[in-house]
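Visitor: Here's the letter readout for the chains.
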Amino acid sequence: MNPTGIIHAIQDNIARVIKGKPQVIEMSIVALLARGHLLLEDVPGVGKTTLAHSLARSLDCSFKRIQFTSDLLPSDIVGVSIFNRQKQAFEFMPGPIFANIVLADEINRTTPKTQSSLLEAMSEAQISFDNKTYPLNQPFMVIATQNPAEYHGTFPLPESQLDRFLMRLRIGYPSPEEEKKVLDRPQLLHPAEELQPLLATHDVLLLQDQVDHVLMEESITDYLLAIVQRTRHSDLLSLGVSTRGALALSRAAKALSLVRGRTYCLPDDIKELAPIVLSHRIMVARTQGLRQRSCEQAERIIQDLVDSIPVPV
Amino acid sequence: MPFDQALRFASIWLASTSFIGLTLGAGLPEWLAALTGAALILALLRNAGGKSMGRLATYTLMSTTGWNLLVIVGFLGFWVDMLWVSGELLPAGVHFLMILMIIKLFNLKLRRDYLHLYAISLVAILASGSLTTDLWYLPIFLLYLVVGVWTLLLFQLTKHPEEPRILTMSVAMRPQPLASVSQVTPQFFWLANGLALATFGLTLVIFFTIPRVGAGFYQKGFGENIRTSGFSETVNLGEIGPIKRDPSVVMRVELSDSLPQQAGRLYLRGVAFDQYDGKAWTNRLNYRRAVSEDAAGTFVLRSSRSLTTPRLGDTIRQNILLEPLDTPVLFAAPFIERISGKFPSVQSDLTGSVYLPFPSSSRIEYSVLSRSNSLLPEDLGAEPGVYPESVIRHFLQIPSQPKRIAVLAKEITHTQRTIYDKATAIHSFLTHNFRYSLDAPLAEQDQPLEEFLFTRKTGYCEHYATAMVIMLRTIGIPARLVTGFLATEWNEYGNYYVVRQQDAHAWVEVHLPHSGWITMDPTPPSIESIGSGSPAWHALGRMLDTIRLQWGRFFVQYSAADQLAVVRELRAGSTSARNKAFDSISTLFSPFMAMFGGMADYVSKGTIQSLAEVLVPTLIGLAVLLWLGIRRPWVKGMISKKTTRDEQVIMQLYGRMIGHLDRKGIAKLTATPPLEFVRLTQERWSSAGSAVASITELYCRSRFGQIPPTREELSLAEDHLRDLMTLEKP
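In order, the protein sequence lines correspond to chains A and B.
The opening position of the first sequence corresponds to residue 318 in the working numbering, with each subsequent residue numbered one higher.
The opening position of the second sequence corresponds to residue 499 in the working numbering, with each subsequent residue numbered one higher.
Just chain B, same shape as in the assembly (with noise of 0.2 Å):
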């Protein structure tokens, strides 16, 4: 492809790329996006097209002064659409910009009409990049590089296209090749490339190492909050049922000192109540009190040296990340000890249920270290312990049911002694006997409990903790019912916990008069929320979250923070986590894998130490192969087959002093080779020799030695030309 219609497509291209950029990003009007679409493909299809089409495109031209109009009324159009219609500058600028671009488009003759398209672009790009953070933006980002890139060198390379280039030499001299002269070759493919993959990479080093300071503008939340339900003061049962086949993600856990829990689940404690009235369930302790900080800016609800007896549960630290959510609750394993987050302020219920002061808008990162309550052996004895009042005036009530939930629970437990037994008893009762369905619709029955456990025998978590809980209170037993998220999905390429909205969950806890509060979960395993599909593709899933996870973290929302915190874990060369990752690679593309064999074992090995390692040598790479590349033949060549502004000169220079020549009857011959031409003329116009063989010198340089002359040799030869004019031929 010759390189002007390699540089319209590439144009046309880069205002393709940022369109779509701010297509997907701002949500143009359907109309201006329908009427820019169609611009871009006009102005393609111009390009492409054969004469038919070319035609049909000029067609609809209209004067100059027309689209000067149009430029006027498209900016007043924009005051209008800032103070009225979108009532905001950056909608309206990128409407105008459409506009601008639509305009341009159409208006494509000269190169300064190219440099504004790519100032139109790049403004609208980078528009799109303010008003999106999603993961789609990289690619979009990557191909307007590329483009760019590739643009820029053909803009350059076509420098002086409206310049004359062939000389007007003697009729007997042969016209110089030039067709081949501007051609896309495989080489400039790469090159062009190349180039692209180099200033990607320069970006990234920029990105993560400078450092930055504030933020967008137009900083936006994460869209709109993820509707949760389970959470609010009141939970009717059967509320979290239609909610558990949403797979939008919720939270993203990390445990940072434990060992990655492979096939365990984690809990994630959300609300706990207290109060059922046969349908729904309520918190009444939901009075919120403010939680103090330490010096360091922790959250501390429960000090160890506070607590009467000394409880020796396992403490888990979890860092979480949490997407925005309708709903202030903090989750985190069971029981909080510490929290520390970006957030002013932190409340505690009597539940030990965290919140913030209002729901969060954006994603959240906390840490937290929770402590679970570990069974004392004092509950294992024979003898009943004493409840503390509060206890009982909370965790007793019972609504007015039928006696057979009541005769139910004894049935179950009249054999079994101690608390926690009885206890034990019923859970493995709910886990044997029922079981675990979606389809069951008890929401709208009058007696849902009953119907769950008389008639149905089928249900969802709600309905057994539920169930768990009421038959535990029948028998004196203090208990409540909690929802939270139970997580089970363990991404091993990031190594956290994905929490999605299907894994939301209801449990039991219940109160031990010694060791406290101990979670229990009657509810079996789900058979059927393991899910259909092969185990690649859902690895390839969790490789997604993974890297939209590192997406929103590292380029969303990175900041001089995380910049330290790159800083230092580059530092410490974690790589385990990554031989993990590219283990699994590889044996996910294993078939691709084999051909790269060699390369694949590299990277596995972990030789790959972070990515200041990877992108350094990269670099490095690619400068020798650019620097040893200008020094081969063919991007001499390339290089040379742009002759630049003074060559051109010169070789006009020589053509109009051969045909000069040739008037005065000393004609150069085609196989007459420049020197000899020389001696010619001196044998016969002895005058003349010395400017001719100046000039004539001078063009061998420029035209064989490829060493352009300067301005001075240029205006000397062209004074001697001029000479050679005047002199008279004897």
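If we strip away everything but chain A, and leave its shape as in the complex, we get (with noise of 0.2 Å):
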């Protein structure tokens, strides 16, 4: 199996959904083949359940989609038992999580109960219920949507919560051509209803495997803990990444440098990934105004850091 040819195949496939945005797509199936959660926090209406849903689509794997209000239960995400009259026992009732893809929409509207119920499957790969444990499916990635504009009745997602997303994207408005051939399009059914699956999950599975095996030259692991030691010291930070934040970026790199074709991690996959993979992971110092919760801040702050940090030659 050649993964670069795979890889760009999956890119295409749901570009034809997706118009003018190759860089997302490229860093969603990033986060799949590093087996990390992704984090889309963009206005409503520019394509994030759709990018989660053409994703799904494209790999041969089940989608369950979550849509978080500020009434769901645990039990609405996990599961229940149920007591089954024939066999006088209780029985459990796999909730939506028991899927490959999981889209949890607007996840900030429900309760911190529920959320954390949630973050808890996506650390564990596994649920406990009555004592019992369920692994999840694998692959399994969660997909989770947030709307920054809207704080209305929301419960926002803390620090040490974010941290369990590899990375958080902003999907953007499209360019008025891109926008075109969205309104240019047939409005008959779903847009990617009509994808084809590319990737059984099996393969899924070997992909994500060799991310292991990319190679990370020392000299380039040394510029990301340089980098990563730079926001624990910076002045404009209160909260600097974590050692999870790291690891995180290191299994980004690797797989970006997959997605990319290459068998060896380059500084400049460090360098483009760092604001993504890094900016929910810290906060901003209030110094810096009170405008805390918006991203563009956050990704700008890491990314003149790591403009003055010197890569390795």
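If you're looking for bench data, these hints aren't it; they were derived computationally from the structure.
Cβ atoms here follow ideal geometry from the backbone N, Cα and C, with glycine treated the same way.
Treat the hints loosely; a few may be bogus.
[Stated by the list, open to error] Only some residues are given here: those of chain B computed to face chain A with a beta carbon under 7 Å:
| hint | residue |
| --- | --- |
| 1 | E1174 |
| 2 | C1198 |
| 3 | F1202 |
| 4 | G1203 |
Hints are included, so try docking the two chains, each in its own frame, into the full complex.
Guide: Structure (structure tokens):
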């Protein structure tokens, strides 16, 4: 199996639905291959759900969508035990989390209790219910969306929980030309429905294994750690990147190298990924104004930090 | 320690090792040994010492022409040496080799100088190997092997030190951290030593398995023959005494079929004497005749069929390893029936002693079947037997002694009826009433025997034996004095008796009418010969002796026949001896063994069947370790730290490209990663884009992907760079 060809095919496949956002598509595949979860943070109506849907459709794997509301309960995600009269015993009915790709729409709309039940599943890749442990499907990827524009009636995820997401992406508005293409498309059915699956779940797992074999030269690891160190000592930030963040950046860089058809990482990979992998793991200091939750600001700070760190030659 | 310095050190050590080997083996002339030693120390100091030391060392250097002249002079000296001084090729060659080594040690500048030094060392260690067969060669050879592996590894790893490594990068770029590149890490240390060990294992396998042909050109004996006394035709009374303190090993005796006699004594008969003149014993029956050989190459002295009476004595089968002695006597337990070994002919005299035609100059191995005469019941009976005429003629001779001895003998034996009882009475008289002492200066006495019997009452084996023989003869019983060795020292590690010079002994053979010659030893067990020192120390000595024996047997004298024997033994899998050895080692080193308890258990349980079974898993294990190690990051790091030539070329190309673009106004900032810089260049100078992209791609692959570029790719990249240089920036 030629990983590069397959990955390009998937990218092209998704690009038929999501117009003009090749970078976002690439990064979502990186998140998948790095065994990470994706947080899409953008205004409504730019294709967050469609992206998740297209990704799931391109892979031959199960897809579930959970619309998070304020009255959603953990059992609505994880599943419930129902008394079975014939067997005279409780029976576990798996919830929507038992899928390969789970779209958690508007994750900040539900209560922290429900949020944490999802996040637990994300980090452990298993569910504990009634003293029993149920492993989740593999590959398992959560694509969560949240709306930064509207704060009314939301429960913002704390940084410690945001840390569980490999990367935070913004999709942004498409350019007028691309938007025109979207409008020109026949609206008979959901655009993602017409996509054909290209990759079996088994192959996804194989690709994920290949990511582990990508070579990260020692000097690049040093470069990565220099970036992480800098976030911890920066005056602009009140909370730096954790070790989990460094690990995430390393995994993401390896996955990106694979996606770009290389067997080794380059400093470019680190530099490109740093804003989207690290920006949701930091806290901007209050001296930088009160727009703390602004994605753009955090990404810009990381970008500036990275721009001041010498790359290995 | 940096690789370069480590290489210099290892090279000088290599030379030193071969020098030590030569000095120990060949006996270089003192001035040459001192000169070479001084040169080696100076070379070491030049590396280790500070600046002042280095200056001192370089100060003594002369010009290249001078050195070349010296080589020519040395070569002429070699001819003079060979033709007139030493008169032989090998010593002269060795001397010339040392002079070459001295010259090279002062001229270690280029890498090929080091190679020359290695070649000289190799020849030197080979020469020392052909000059010696001693055990010390083993540690020297091992040391040489270890240092050699180190040197070769380091030599490979510092392959291109003369080429520039630092690239000419733009000012803005950080210099590469190359200082940490070539250090001797602990991993390297273990890798090098592991490799040396593996090499040694392989050497052993090759040594033992590859069939060998021929022998060395300069095969020497085992040095001087050991001087013995008591085995010539005439032996003065008191001659054996002085050698009783000499611990040098004379022979080793393996008993092939009988059980090891742990506390037992084994008499190894040498020569018998019939005439005593009051001071010295003489063997008048020394007419030697050649012993006939049977079809199997065995020399048969007396076949059981030829005997008139059936002899029922015990047989002892022995394998004897005789060191080179100054006597042609072949020692064995009494009485030799058959003897076989690697000698063309064997002679025997009328007393049953066996000789080689002339003393052997090298260690000889022979096996003997001996059968002692058993005491027949007829001799215990009352009626006296009749002696043959020949026995009476030779073995009743008495010197003109005063009557006191005869009176004493009668006194002791007058109550006894049979010959055997009389002999026993004299035997017990001597054993119980006299004291064994080595301090008896009886040799100077006029009448040593009387002095011993009536005055001093102390003496050693010769006195006892002489006294008994003379006393027996005075009462008409034929007897003779026998010299030989009394083996008491059982080596449990190698399952053999060690016979030393100090085990030289004299005893008595009494002739009984029916049974024939019976061995009797009137000497009481010596008290002082037990020796001092702790048992552990003795055990260690015995173990060392075993090792020395095995060294001699398996390495020095290893022949095709031995090869077959080894293979046969490996197949038979004789574990008992090894178990014993391991048990003894574990008791000896019990404190240490406690540390490696599990290991010791494993070993002493005898799970190890044979040498091959140890070697093969060891080698496989080492190979697996190495293979795993290569996949481990640290080894990978170690290997990758050695930048290959091609990698350096592409890095230089990249550096030149960056420098060129910098001059054209496209500066690479420190924080700009390579691909981003390509995009930047493409934006600002699109025509250069493709060349920059291709060189950068190759650079990234080599630098971060550790995939070295091929020659074609390199030449292509060079072309691109040339194009780039000629390109005009708009």
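Visitor: Could you run down the list of hints and mark each one as holding or not?
Guide: The hints, checked one at a time:
1. E1174: holds, 6 Å
2. C1198: holds, 6 Å
3. F1202: holds, 5 Å
4. G1203: It holds, given that the least Cβ distance between B/G1203 and chain A is near 3 Å, below 7 Å.
Of the numbered hints given earlier, the model fails none.
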